[in-house]
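In the order they appear, the protein sequences are chains A and B. When we follow numbering that gives the first Met the number 0, the leftmost residue of the first sequence carries the number 0, and every step to the right adds one. When we follow numbering that gives the first Met the number 0, the leftmost residue of the second sequence carries the number 0, and every step to the right adds one.
Simulated from the structure, these hints should not be mistaken for laboratory data. All C-beta atoms, glycine included, are put in the ideal place defined by N, C-alpha and C. This list has only true hints and no planted wrong ones.
Estimated spans, in silico, between C-beta atoms of each pair:
id: 1; chain 1: B; residue 1: R50; chain 2: A; residue 2: K96; range: 50 to 58 Å
id: 2; chain 1: B; residue 1: R161; chain 2: A; residue 2: E195; range: 16 to 24 Å
id: 3; chain 1: B; residue 1: N154; chain 2: A; residue 2: K386; range: 53 to 61 Å
id: 4; chain 1: B; residue 1: D137; chain 2: A; residue 2: T286; range: 41 to 49 Å
id: 5; chain 1: A; residue 1: E195; chain 2: B; residue 2: E19; range: 54 to 62 Å
id: 6; chain 1: A; residue 1: I259; chain 2: B; residue 2: V102; range: 32 to 40 Å
id: 7; chain 1: B; residue 1: N154; chain 2: A; residue 2: K190; range: 33 to 41 Å
id: 8; chain 1: A; residue 1: T209; chain 2: B; residue 2: K156; range: 38 to 46 Å
id: 9; chain 1: B; residue 1: K140; chain 2: A; residue 2: G28; range: 15 to 23 Å
id: 10; chain 1: A; residue 1: A282; chain 2: B; residue 2: R130; range: 45 to 53 Å
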Amino acid sequence: MYRYDEYDQQIVNDRVKQYRDQVRRRLSGELTEEEFRPLRLQNGLYMQIHGYMLRIAVPYGLISSKQMRMFAHIARKYDRGYGHFTTRQNIQFNWLKLEDTPDILADLASVEMHAIQTSGNCVRNITSDEYAGVARDEVVDPRPYAEILRQWSTFHPEFAYLPRKFKIAVSGGKEDRAAIYAHDIGLSVTKNKQGEVGFRVLVGGGLGRTPIIGCEICEFMPWQHILTYVESILRVYNQYGRRDNIYKARIKILVKALGIDEFRRQVEADWADIKNGPGTLTAEEVTRVASFFTDPAYETLDDHDSKLNEFKADNRPFSNWMLRNVKPHRVPGYAIVVLSLKKPGCVPGDATAEQMDAVADLAERYSFGEVRITHQQNLVLADVKQKDLIRLWQEAGAYELTAPNIGLLTDIISCPGADFCTLANARSIPLAKLIAERFEDFDFQHDIGEITLNMSGCVNACGQHHIGNIGVTGVEKKDHGEWYQVSIGGAEGNDSSIGKIIGPSFTFNQVPEVIDRLLQVYLRERTEAECFIDTVRRIGHAPFKEHVYASDFAVAQEETADKHEVAPAQYAIPFYSPRF
Amino acid sequence: MIIKNNAIVADDWVVLRLNEQDSAENVMIPEGRVIVPLQVWLKQRNLLQERTEIGVWLASDERPETLKEDIDKFSVIAVDFPKFSDGRGYSIAYNLRARLGYVGEMRAIGDVLRDQLFYMQRVGFDAFAPRQDRSIEDALKGLADFSEVYQTSINSKLPLFRRVQRKGNAAASLA
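Let's have the full structure, built from the sequences with the hints guiding it.
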């Protein structure tokens, strides 16, 4: 993986110093909260219900065992013993003190990490394919380009105060595993007929209040020009993106308003002046960065391990796990292992300090000391020898990391929701737990097969509910109660689509039953080997809607009257929460 | 006092801002060194270009190309930041320097605060009028927040990867 040189380290060290001084000025009152807010946000520091939340950047989701241990250290020393992995491949800590945050950043800098631009109206952390470098369908390894883009976007002077946040994702496989259609800029690194490397560039995708699938602005941009071309897109956006209405400020609104052809014309006009200028990438730089992403020392192995097959035949939990959590690797004798952070009953994406340390150890022992964070909020060991799978499964199982549910119903993507977030209208985490417990039976889940269930506590869509096959969203209603909308038909990947809402919203306790009814329709209507999303696309929404609303919901009375009830009593709700 | 070329210096330019009752056509321009709004320049151009020294300022929603024909006539061009979080001024500055070839004094005015100064100097500002209620000595420190940068920009013609020899992965080159 990429290692800092003295320049990278210097920039991150300078940031720690700058931030430490900003916090000092805030604590002394020199800076007002209004002035401090954008400064702390550009460092990933949010004020939430219980206190400060720090979002740490994990560039394109890739970390070393050493860095994972640092997360465990931060969880223990500054937080309450756990962290939360996010849909943008980052990690968040929820219970921090402002005074501690400069020290946390210094700790992070010591292992080549930071929280730069993990929030705020700037270019955010670059995300990528969690199987980069090991996937069988990979055309070009996206990681060197993701790193080059990371450096380019870090403290870019012109684009630090954009109309709104800006997210870039890069994928390099035939199948899109980075949700590039749902990003402000989505890049697919590929090869043309001549074998030259370049990018298909999508622009104006995004979720939130107005979900839109990105449009193609350029079919093939040679790799040399990717930085200058992205620069021109940003410059047009910075000048003309709306700043009068926060809900219309994302680039997708500008692209829609102008139309993709006019937007492209403006970008090309800007680009004409900087094309082939000093910002053009050099082969030396790409080679230099790519040298950090060469293959680890793979052994020459066979793909078939008889011991593994024997064990599989005798052990149902293991064979389930093999089926769902172990993915094919491009090198014979190796496998990609997904460690599930979605064990029913646990909070999706949460990991304790003990689990983090355990994952760091497992990565060192079995996967060249590297871990990836997925945008589905799981962890990946990308280079595991097939003959180590049994031992890995046993050892990871001791830390509750082997739920055999990757890509299944209980592999729920969820934002933190109203338990933590001041924006949320409703809780996500307890609902995710309730759903996971209801459908805990793995045989049932395996029978249902591939399905994605994404939940957000509000329209901002941190849980990416629009692209879930089933999407659940907390909605604002006049009574300020806790209501959820349910949508179906969303999908990510090459056939990305935005889900459609099935009808009037539901209460907290009704949602699991709604999902059950949706599944009943699927089980009734599916043809052989048809996934949930295929059935939705074939028969349409109507049969689902009809069945869900056909009869009353016989559910117990709401057990939790207060949607913030789960906030432990010792944490007095601070005055600044807009919710109270 | 303003910050100019990395130092705190005395300054006697006056920034003219229109009141509600003023119109760009009729507003009286005081004698001396005045930085007028773009609209005033456009309406009173004939009168103003007689002056030996004149400055103009752009609002964040105005286009620098408007000054294309006049760019050499100004002793100072200022860019207004109505709120420090309005980042359009950075692209205006970039365009003035990179596209219009403006080489004179470029001044940041309005909601100009210490923590924005480093970025501002990178896109071509060489003069800063920090907000009056803040210490200008503190603001000056903001220009030195970082000792290294990655990207090409107005004050750094080459990106880091073209400026210095950077090390690749030693392990990979041995293999």
